[in-house]
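K.L.:
Protein chains in written order, with my numbering: chain A, 73 to 630; chain B, 1180 to 1315.
Please keep in mind that the hints were generated in silico from the structure rather than gathered at the bench.
Possibly wrong hints are sitting among the right ones.
[To be verified] If you want a taste of the chain A side facing chain B, the calculated C-beta under 8 Å gives, among others:
| no. | residue |
| --- | --- |
| 1 | Ala85 |
| 2 | Val218 |
| 3 | Pro220 |
| 4 | Glu221 |
| 5 | Arg620 |
Each residue gets a CB set at the ideal place from its N, CA and C atoms; glycine is no exception.
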Amino acid sequence: MAERPRRRLAFIAGLSLVVSLVLVGQLVQVQLFRHAELVQAAEALYTRRGEITPLRGRIYDQRGHLVAGNQVEYEVSVTPELVADPVAVAIRLAPLLQRDPLSLWEAITRQQRWVLLAPRVEKGVGEQIAGLGLAGVNVVPRWRRVYPEGTLGAHLLGFVNAEQVGYYGVEGFYQQELAGSQGTRVDRRDPYGGRIPLSLAQGDPPRPGADLVLTVDWTVQAVVEAELDRALEETGAEQGCIIVMDPRTGRILALAARPTYDPNRYFEAEERQFVNLAVGAQYEPGSVFKILTMAVALEAGLVTPESGYQDQGEIEVGGQVIRNWDRQAYGWVTMADVLAYSLNVGVARLATLLGPPAFYQGIRAFGVDRPTGVDLEGEVAGELRLPSDPTWHESDLGTNAFGQGLAVTPLQMIVAVAAVANDGLLMRPYVVAEQRWPDGRVVRARPAVQGRAISQETARTLTQMLVEAVAREVPQAQVEGYTIAGKTGTAQVPIPGGYDPQQTIASFVGYGPAEDPRLIILVRLDKPKSSPWGSQTAAPVFGRLAARLFVLLGIPPS
Amino acid sequence: MTWLHQWASHGIKRTGWEMDPTTALSGLALLVGLVLMAAFYLALSSQTAVLGRRLEALESQREALQREIARLEVEIAQAQSATAMMQRAQEMGFQPAQEVHFLAVPRWPALAAQAAQKEEQALPPVIPPPTGDRGS
């Protein structure tokens, strides 16, 4: 009898031993032989590698006023399988997300792991939703670019899209500096994305972008934009721009263009509204270009301000007859008269006397055939046909002399004339004065000389001629107490087959005080209805604006 | 250690097992060691979890503060915007200056400072522009 229980015990012991050996064998296999493979699989299950978007660098004006910052919005999503009561959740979220409760319920009850309910909600709404503490409802913060002053300075700044990529203006040009570099975060998460705080997260921290300080004073910018809006309203012009620059350094003090857009709502704008008329669109400058032709002639020693000729009202160049703007003959005139009366015949004559090589070499020294290198995205170059180009014609020599048959951007034009104001030195324009990096480094922009267009003597002589031109013929551009040098422009608008007989692009470029130029301003108005002439539309805008800016910037009178 | 040996012998006797007291004590010591290690590991894990949670809370707090700072910066900028200031100035009865008179002050220190600054900001040498081979 005692034998059977002993045999059963032995059997159970043996069975237990076998099972134990199997278990131990399995343990040995898992812990030793398949250790690396299984650890890797487990890591993959609960380790999450995430990217951390850095804070985009802010943009300040010259006085430290924030003009582009960041604000948080929230992305609201749901994990359906974690939602205990979809109906209650839908009812509670509907008024906050401003959605129909039924459509929300349908989204919440989808057979998906994760459902997006709202990509962007305001901070207050997001925090309210997060405060409800609804299981399964995820509220994730996302940074959004904010421009506190709306449309003000839109063309200078550009805009940033939802993926934090900048376009146009400073945002586009300095995208790399502003964006910073992404960080990574590796931590352990449960299957539903919740963090398991059993270990410290690893990875690289994000590097925030650099803050930028502009050369622009936002108050000056506001004044300029207000004057441009007023000019467009008074003249009925279709579009326009104003650029204000320091001719000594190339610092842009203000830049306004219309049409414009609100960079906070860039998605509502049309493509054409993004184009900055000041740097992204060419135009035939017209009589303003006569400044450069006269500069080249003076520099070559061909003429002096007192040199004269008999003006007969027309001249033939390359088979094309060129006439003065009023088709009048002016009789005996000096070079000073040519600028004061804006005589096409006079400058066409100068160009033919110079000859194509000297003329084009001279005007190219003013940079009109290449981009200025300004730090704004979207700059285009002008168009200048040279004698070596197959499409160049001898008549171009005559028309180019008074700014037709070639195209420049307003910025190229003001930079060229600024060289005259700056004793002949051509400066590179710039908008960003400083880059302030998170590590404490400050990178300051320095004025950059791009070349010498004309000698100091020529520049000063030409300035005197331009002062005389304004004094004699453009009283609308004068500012009491200040000597102003400048030139009007009334250019025909090219159309297929020729030029529009009615429409013009009216402009004025001027600087002062002439004896020590601190400001240069270019005003451009496209197709003004009140009058086609630059002297009657653009020049008064210059006069008003210059008077305000001299006071605002503390520039004493002559 | 004899009291320990005696205690172990007494305990073994009560169980009725046949075991050497030294072996039993060694096994017990091993068991106690394992339990202590497990307890230590548990304590460490829970402390890590607590610290991890605290760190997570601090990170959330930092991010929340960052968001609040950004919001306030924008709010301040909006309140100080050029258009807002101009409007406020108009409401208070201010107008843009119409007749401005400058007074020339001889030997004003600022003028000397300006002259010195002008000398300091002497421009770098002229860099010839790049010329393509297009001219004739």
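K.L.:
Could you run down the list of hints and mark each one as holding or not?
P.N.:
Hint check results:
1. Because the smallest distance between the Cβ of alanine 85 of chain A and any Cβ of chain B comes to about 17 Å, over 8 Å, the interface hint for this residue is violated.
2. With its C-beta approaching chain B no nearer than about 5 Å, valine 218 of chain A sits inside the 8 Å limit, and its interface hint holds.
3. Below 8 Å, beta-carbon pairs count as interface contacts, and proline 220 of chain A has one with chain B at about 4 Å; its hint therefore holds.
4. Look at glutamate 221 of chain A: its Cβ gets to within about 5 Å of chain B, closer than 8 Å, so that hint holds up.
5. Checking arginine 620 of chain A against chain B: minimum C-beta separation of about 7 Å stays under 8 Å; hint holds.
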